[in-house]
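S.K.: The chain contents come next:
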Amino acid sequence: MKASVNTLALHRKRRFDVWDVLIHLTLILASLVCLLPFLHVVAKSLSDDAFVIANKVFLWPEGFTLEAYSKIFADASILRSLYVSVVVTVLFTVLGMIITICAAYPLSRKQLKGRTTLTFLFMFTLYFTGGIIPEYMLISNLGMLDTWSALILPPAFSAFNLLIMKTAISSSIPVSLEESARIDGAGHFRILWSIVLPLSKPILATLSLFYAVGRWNAYQDALFYIKQRVDLRPLQLKLYYLVIQASESFQLEATQVSLSNPEVLKASCVVFATLPILCVYPFIQKYFVQGVMLGAVKE
Amino acid sequence: MKVESASKTKSKLRVDPPLGRGATFHFRRDWELYLLLLIPLSFVLVFKYAPMSGLVLAFKDYKIARGFWGSEWVGFEVFAEIFAKHDFGRAVRNTLLLNSLDLVFSFTIPVLLAILLNEIKNVKFKRVNQTLLYLPHFLSWIIIGAIAYQLLSESNGVINNLIAMLGGTRVPFLQEDTNWLISYLAIGIWQSMGWGTIIYLASMSGINPELYEAATVDGAGRWRKVWNVTLPSIRPTIVTLLIMNLGRVMEGSFERIFALQNKATTEFTTTIPVLVYRWGIESGNFSRATALGLFQSVIGLMLVLLADRVAKKLGEDGLL
Numbered sequence: 002m003k004a005s006v007n008t009l010a011l012h013r014k015r016r017f018d019v020w021d022v023l024i025h026l027t028l029i030l031a032s033l034v035c036l037l038p039f040l041h042v043v044a045k046s047l048s049d050d051a052f053v054i055a056n057k058v059f060l061w062p063e064g065f066t067l068e069a070y071s072k073i074f075a076d077a078s079i080l081r082s083l084y085v086s087v088v089v090t091v092l093f094t095v096l097g098m099i100i101t102i103c104a105a106y107p108l109s110r111k112q113l114k115g116r117t118t119l120t121f122l123f124m125f126t127l128y129f130t131g132g133i134i135p136e137y138m139l140i141s142n143l144g145m146l147d148t149w150s151a152l153i154l155p156p157a158f159s160a161f162n163l164l165i166m167k168t169a170i171s172s173s174i175p176v177s178l179e180e181s182a183r184i185d186g187a188g189h190f191r192i193l194w195s196i197v198l199p200l201s202k203p204i205l206a207t208l209s210l211f212y213a214v215g216r217w218n219a220y221q222d223a224l225f226y227i228k229q230r231v232d233l234r235p236l237q238l239k240l241y242y243l244v245i246q247a248s249e250s251f252q253l254e255a256t257q258v259s260l261s262n263p264e265v266l267k268a269s270c271v272v273f274a275t276l277p278i279l280c281v282y283p284f285i286q287k288y289f290v291q292g293v294m295l296g297a298v299k300e
Numbered sequence: 012m013k014v015e016s017a018s019k020t021k022s023k024l025r026v027d028p029p030l031g032r033g034a035t036f037h038f039r040r041d042w043e044l045y046l047l048l049l050i051p052l053s054f055v056l057v058f059k060y061a062p063m064s065g066l067v068l069a070f071k072d073y074k075i076a077r078g079f080w081g082s083e084w085v086g087f088e089v090f091a092e093i094f095a096k097h098d099f100g101r102a103v104r105n106t107l108l109l110n111s112l113d114l115v116f117s118f119t120i121p122v123l124l125a126i127l128l129n130e131i132k133n134v135k136f137k138r139v140n141q142t143l144l145y146l147p148h149f150l151s152w153i154i155i156g157a158i159a160y161q162l163l164s165e166s167n168g169v170i171n172n173l174i175a176m177l178g179g180t181r182v183p184f185l186q187e188d189t190n191w192l193i194s195y196l197a198i199g200i201w202q203s204m205g206w207g208t209i210i211y212l213a214s215m216s217g218i219n220p221e222l223y224e225a226a227t228v229d230g231a232g233r234w235r236k237v238w239n240v241t242l243p244s245i246r247p248t249i250v251t252l253l254i255m256n257l258g259r260v261m262e263g264s265f266e267r268i269f270a271l272q273n274k275a276t277t278e279f280t281t282t283i284p285v286l287v288y289r290w291g292i293e294s295g296n297f298s299r300a301t302a303l304g305l306f307q308s309v310i311g312l313m314l315v316l317l318a319d320r321v322a323k324k325l326g327e328d329g330l331l
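If you read the sequences in order, they're chains F and L.
The numbering used here numbers the first residue of the first sequence as 2 and each following residue consecutively.
The numbering used here numbers the first residue of the second sequence as 12 and each following residue consecutively.
Among the hints, a few may not be true.
Straight-line distance between alpha carbons at most 30 Å, and here's what the computed DSBU-like set of lysine-lysine pairs gives [said to hold, decoys possible]:
hint	chain 1	residue 1	chain 2	residue 2
1	L	Lys132	F	Lys287
2	L	Lys274	F	Lys228
3	F	Lys287	L	Lys137
4	L	Lys236	F	Lys287
5	L	Lys135	F	Lys287
6	L	Lys274	F	Lys72
7	F	Lys228	L	Lys74
8	L	Lys323	F	Lys114
9	F	Lys57	L	Lys274
With the Cβ distance kept under 8 Å, some of the chain L side facing chain F (calculated, not the full set) [unchecked claim]:
hint	residue
10	Leu127
11	Tyr160
12	Gly205
13	Arg233
14	Gly304
Keep in mind that the hints were calculated from the coordinates and are not lab data.
Note that CB positions come from ideal geometry on N, CA and C, so glycine has one too.
Using the sequences and the hints, build the whole thing.
M.R.: Laid out in structure tokens, this is it:
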């Protein structure tokens, strides 16, 4: 194997290949396309209003200032939204993992009676749902509109994550290990707690991240279910009203009657809301890639 | 396993039952499993299956005053009513149009990108590129929408600034219908092109290197090998994903459209989920919106089942 790689490398070195250069250039270009928009927004967020109004900011801040960020940190409603997002994401992730584990372990046991029916019951929700309005009415009838639980409970079960977890458990934990534990007298709770969960740490990490990033980024349910209580708006929803719909002004902006260009503020809000993801991104990326591959593998 | 704990519980030794035992036996042996299942089961029943009963609204003339049960049954009248709506035809057309165009572009580009990435032998270069290419997938649609407006807005978007600097005229990328459609697609490609490569790269990494060596010995060049080794090897993956996506052609991302739409461009932004939102949650016409949602779910389910059939006929894995 190693020898063949070396000879390949030698072959490659011997001739200069114009395609090699083109392929590298194409990929660099594609990567820049992914990176530059964000760099531009960062540059804008650090620039002076005057330069932004004059359309003079490209990839480097002009008239460097942190004023926009100090405005964000002085805006109680944005910080409140950050707090809501963090709390909701943490609680949701814990709950989602509990539900997924409680479903995946029993359904991965071949001896379980009614396994096929139960699996179908769970998986059917991947392909057919009540839809937006019946779900909205349910939340409304349960009195959950404008509550924390509306953001945490309804989406906590994910058939997709269950499928991944189930596949991972049945493929990574040898039946013999479980059998020997049973002969030693261990019950299912014990097997789950001291054998299955410790052996599934990588997949637990992956699925927690699926839940957490998914919850952090989603805003559709918040848009539907959080109406009156402005203090329950997660960060993404807040951002929607502030930046995209621009129907809401920044608290500080409203008090000064200035007509300053909000573009810098919008840009800094985008950066502010993206930073949490960007900070963890390098570390979580590989877990996501693993998760995608597990999701593609069928039982 | 600790020895002492094992001996202590020896009296409770469990043995798998012989075949043909009754339900009580299974329950006694596996009661812990059923107990665990109660938690996810209750969530699924309450939050997934209970709303399905709400679908009867599509066959009723829902009046808030008369309530869910008191409202009058009207059969398929609500459907007849929505089928006659101008917005309905437009929403169906747009849903199919946006999804098919997505399929043409957002589906093919990851394949090409994966082939290019697979040609890279320098691990570090490859990893840096992958990290950057995957990045947009981790951003929410709100953030992507906000970035899009910063970049593409007509009066002060940076791309228009560049165009103006180079002496061109500003293009209303997001403020005119056809341009909006193109921007929508481009943003979709931007968001998903890197992420889409993962599955292809995984299946490429499983290709036996001897195939490439044999092809080299036979005098095949780079593209010959891509065409005759790489592509045939990932063909099952491509076919499965394509069929899966075809089955989803009636679905639609509410979040993506909602974050990118604006008042100036309504021609292509009215898709089924957006219309459901407008009719139901904004205007409070629950019966009509439920009927529209049900129409979409049923067609969507049929398409998925059909796609699954086709995949299995072609000898692929299928989805179900």
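S.K.: None of the hints should be skipped; say for each whether it holds.
M.R.: Results of checking the hints against the structure:
1. Lys132/L - Lys287/F: 19 Å, holds
2. Lys274/L - Lys228/F: Holds, at roughly 21 Å.
3. Lys287/F - Lys137/L: 14 Å, holds
4. Lys236/L - Lys287/F: Holds, at roughly 29 Å.
5. Lys135/L - Lys287/F: Roughly 15 Å separates the two Cα atoms, so the pair holds.
6. Lys274/L - Lys72/F: 29 Å, holds
7. Lys228/F - Lys74/L: 22 Å, holds
8. Lys323/L - Lys114/F: Holds. Lys323/L to Lys114/F sits at ~28 Å (cutoff 30 Å).
9. Lys57/F - Lys274/L: Holds, because 28 Å separates the two Cα atoms, which is no more than 30 Å.
10. Leu127: 5 Å, holds
11. Tyr160: With a closest approach of 7 Å, the Tyr160/L hint holds.
12. Gly205: 7 Å, holds
13. Arg233: Check passed: Cβ of Arg233/L comes within 6 Å of chain F, closer than 8 Å.
14. Gly304: 3 Å, holds
Comparing the model with each earlier hint shows no violations; every hint is respected.
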